[in-house]
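Position chain B relative to chain A; hints supplied.
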Amino acid sequence: MNLHSLTAHALLDLFKSGKASSKEAYEAVLGRIKAVDPKVKAYVHMAHAQPGYAGDFQIPIAIKDNLCTKGEEITCASRILKGFRSPYDAGVIERIKKSGGTILGIVNMDEFAFGSSCETSCYGPTFNPWNLQCVPGGSSGGSAAAVAADEAMWALGSDTGGSIRQPASFCGIVGLKPTYGRVSRYGLIAFASSLDQIGPLTKDVRDCALLMNIIAGYDERDSTSVNEPVPDYTKALVNDVRGLKIGIPKEAFVEGLDPEVRRSVEDAIDLLKKQGAIIKEVSLPHTPYAVATYYIVATAEASSNLARFDGVRYGLRAQPAKVRKNALIDMYEETRSLGFGDEAKRRIMLGTYALSSGYYDAYYLRGQKVRTLIKNDLDEVFKDCDVIMTPTSPTVSFKVGEKVSDPLSMYLSDIYTIPANLAGIPAISVPCGFSKSGLPIGLQLMGKAFDEEMLLRVSYTYEQNTEWHLKKPKL
Amino acid sequence: MSISKEDVKYIAALARIDVPEDKLEGFTKSLGGIVQYVEQLQKLDVSNVKPTSHAVPVGNVLRSDVVKPSLISKEALVFKVPLIIE
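These protein sequence lines are chains A and B, in that order.
In this text, residue positions in the first sequence follow our numbering: the first is 8, and each later residue adds one.
In this text, residue positions in the second sequence follow our numbering: the first is 92, and each later residue adds one.
For reference, chain A alone in the conformation it holds in the complex (with noise of 0.2 Å):
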């Protein structure tokens, strides 16, 4: 029995039985992970701290290289952090080596969570296990990838405009964004801290289900976290939709949506109708603008967010060479030039426009207002439906390279996920099935704010239904 290929919750039946222990576990990971990481490139460095083994879910998981791990070096896949190490541990991460969790290492993302492929990384591209000439999706690509190719039971993410669904529809794994404020987000290095929200990217909804029971919850820390009862997330496992209203948008089954996808997502509407669930049209007409509303919100938020990073306080620091300005500013410029990639300061360059005196009213003003219409109309469409349901990305997983060129065409792989943050709502990701070409195809689900149950019982049955969720690239 390979180890390494299990889900978390099979794994910790194992335990329970006595069949295998989480040291052999651990090691069969590590093992795959010798085996098939200098194909895939999903860690950039493995941890160095030694797993503990106490606390009842000593599952090995992946991190996210934005989320503060003590001792270990964070930098978000930016030169501009490399050496900083962080001094303490993010509030989930306390909460995984509470649980008796194996972190593995830290693994690749798009810089400062930059982009939906993983190439912005100052570490090279991670590559997609089912074709490893495509991209793995981003920004978290690197915790995709690796629990896809069972380098990790389970991994945890970060997803700002669908940085956790595209990546495992990508992949072929299930990823949630859990509601604004039910994960603390302190320790999280922040983007765009009105939309940011860590979650778990798994193997399956069991999994997703047992990974939230671990990472949610109310910290004072973080002054955003919301302090509402947790509920135990695998009680909502239940393979019934029976009079659930699902709501389809009309929106999103328009031009630039990938054929096979649009037929894939179809077919899963009619599985949870012959499953019981009521299927009804609904529209989100202003979501068509959710994609231009995020490049102004979140691009505004990063280059406020990012103005820490000047060479004074953490990692990078340049000299340069010859007084152009005045010493200080002249440090500021190289550091900030040397230290950021292209996607990175064109995103600082982006938000400081619309945050620019003159342009403040036209843009960020008028951004967070279509924010409002855009969260009105789902709240409107939530008062008659228990999940909306829609592709999670127009396509499949592209070639590396074949957008780093258009920053536009790469942006608009987020056009379905990008609500669910503006609105701050759960959404999940699950596989529903593959392209001719043999690349993952993923369906997305969004739930009313603090429902993240209503996800896990229609995905759970979605999946119960299935099987795309079993199939395993072959590396």
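None of these hints come from the bench; they were simulated from the model.
Fair warning: there could be bad hints in the mix.
[As the list claims (entries may be wrong)] Distance windows between CB atoms, simulated:
hint: 1; chain 1: B; residue 1: GLN131; chain 2: A; residue 2: GLU409; range: 19 to 27 Å
hint: 2; chain 1: A; residue 1: GLU288; chain 2: B; residue 2: LEU135; range: 35 to 43 Å
hint: 3; chain 1: B; residue 1: SER161; chain 2: A; residue 2: LYS443; range: 50 to 58 Å
hint: 4; chain 1: B; residue 1: SER95; chain 2: A; residue 2: ASN472; range: 53 to 61 Å
[To be verified] Pairs of lysine-lysine, PhoX-like flavour, derived with a Cα cap of 20 Å:
hint: 5; chain 1: A; residue 1: LYS455; chain 2: A; residue 2: LYS390
hint: 6; chain 1: A; residue 1: LYS332; chain 2: B; residue 2: LYS100
hint: 7; chain 1: A; residue 1: LYS77; chain 2: B; residue 2: LYS165
hint: 8; chain 1: B; residue 1: LYS141; chain 2: A; residue 2: LYS376
hint: 9; chain 1: B; residue 1: LYS120; chain 2: A; residue 2: LYS410
hint: 10; chain 1: B; residue 1: LYS114; chain 2: A; residue 2: LYS410
hint: 11; chain 1: A; residue 1: LYS252; chain 2: A; residue 2: LYS455
hint: 12; chain 1: A; residue 1: LYS390; chain 2: A; residue 2: LYS257
hint: 13; chain 1: A; residue 1: LYS104; chain 2: A; residue 2: LYS30
[What the hints assert, rightly or not] Beyond 10 Å from chain B on every Cβ pair, some chain A residues (computed):
hint: 14; residue: PRO45
hint: 15; residue: HIS52
hint: 16; residue: SER106
hint: 17; residue: ARG269
hint: 18; residue: ILE276
hint: 19; residue: ILE286
hint: 20; residue: GLY374
hint: 21; residue: LYS376
hint: 22; residue: THR402
hint: 23; residue: LEU415
hint: 24; residue: LYS478
Glycine included, C-beta positions come from ideal geometry on N, C-alpha and C.
Leaving out everything else, chain B in the frame of chain A:
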């Protein structure tokens, strides 16, 4: 609304980023394309719409003034600083 090379130089200076001459054209083009794309928001009537800065409404969050364990200064502050007086 289009973006000129002068605009990019101005924004870059505000953002404390040095854009070298050979990259100016590329950034002007890509930023211009994105700004043109977001122009579609101008079509919407938002005159009676309140802005959303946060999806979950929260007010000021205060905590009680109690000392709690935190990083000790040895963990938080021991790092090398560059020479600043020459």
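Quick rundown of the hints versus the structure:
Roughly 25 Å separates the CB atoms of B:GLN131 and A:GLU409, a value that falls within the hinted 19 to 27 Å. Here the CB-CB span from A:GLU288 to B:LEU135 is close to 23 Å, at odds with the stated 35 to 43 Å. The hinted window of 50 to 58 Å between B:SER161 and A:LYS443 holds, with their beta carbons roughly 56 Å apart. Remark: the range hint 53 to 61 Å for B:SER95 to A:ASN472 is upheld by a beta-carbon distance near 56 Å.
A C-alpha spacing of about 9 Å is found between A:LYS455 and A:LYS390, which places the hinted pair at or below 20 Å, so the restraint holds. With a C-alpha separation of about 14 Å, the suggested pair A:LYS332 and B:LYS100 falls inside the 20 Å cut-off, and the hint holds. At most 20 Å may separate the alpha-carbon atoms for a hinted pair to count; A:LYS77 and B:LYS165 meet this at roughly 14 Å. A hinted pair counts as satisfied when its Cα atoms are at most 20 Å apart, and B:LYS141 with A:LYS376 qualifies at roughly 6 Å.
The hinted pair formed by B:LYS120 and A:LYS410 meets the criterion: a straight-line CA distance of about 16 Å does not exceed 20 Å. Taking the CA atoms of B:LYS114 and A:LYS410, the gap is near 19 Å; set against the 20 Å cutoff, the hint holds. With a CA separation close to 13 Å, the supplied pair A:LYS252 and A:LYS455 stays within the 20 Å bound. Of the pairs offered as hints, the one joining A:LYS390 and A:LYS257 holds, with about 17 Å between alpha carbons and a cut-off of 20 Å not exceeded.
Proximity of A:LYS104 to A:LYS30 is assessed by CA-CA distance (about 15 Å); at most 20 Å being required, the pair is judged to hold. Every beta carbon of chain B lies more than 10 Å from that of A:PRO45, the smallest distance being close to 33 Å; the non-interface claim holds. A:HIS52, annotated as away from the interface, keeps every beta carbon of chain B farther than 10 Å; the closest lies near 20 Å. Listed as outside the interface, A:SER106 is consistent with that label: its C-beta sits roughly 21 Å from the nearest C-beta of chain B, beyond the 10 Å cut-off.
Distance check on A:ARG269: its Cβ is at least 24 Å (rounded) from any Cβ of chain B, clearing the 10 Å threshold; non-interface status holds. For A:ILE276, the requirement that its beta carbon stay farther than 10 Å from each beta carbon of chain B is met, with the minimum near 27 Å. Its beta-carbon lying about 27 Å from the closest one in chain B, A:ILE286 satisfies the requirement of being farther than 10 Å from that chain. At the 10 Å boundary, the C-beta of A:GLY374 falls inside the reach of chain B, the nearest C-beta of that chain being 7 Å off.
Remark: the non-interface label on A:LYS376 conflicts with the geometry, its nearest Cβ contact in chain B lying 4 Å away (cut-off 10 Å). Listed as outside the interface, A:THR402 is consistent with that label: its C-beta sits roughly 18 Å from the nearest C-beta of chain B, beyond the 10 Å cut-off. Chain B draws A:LEU415 into its interface by the beta-carbon criterion, the shortest separation being 5 Å against a cut-off of 10 Å. Interface exclusion of A:LYS478 from chain B stands, the closest Cβ pair being 35 Å apart, more than 10 Å.
Of the hints listed earlier, those the structure fails to meet are numbers 2, 20, 21, 23, in rising order.
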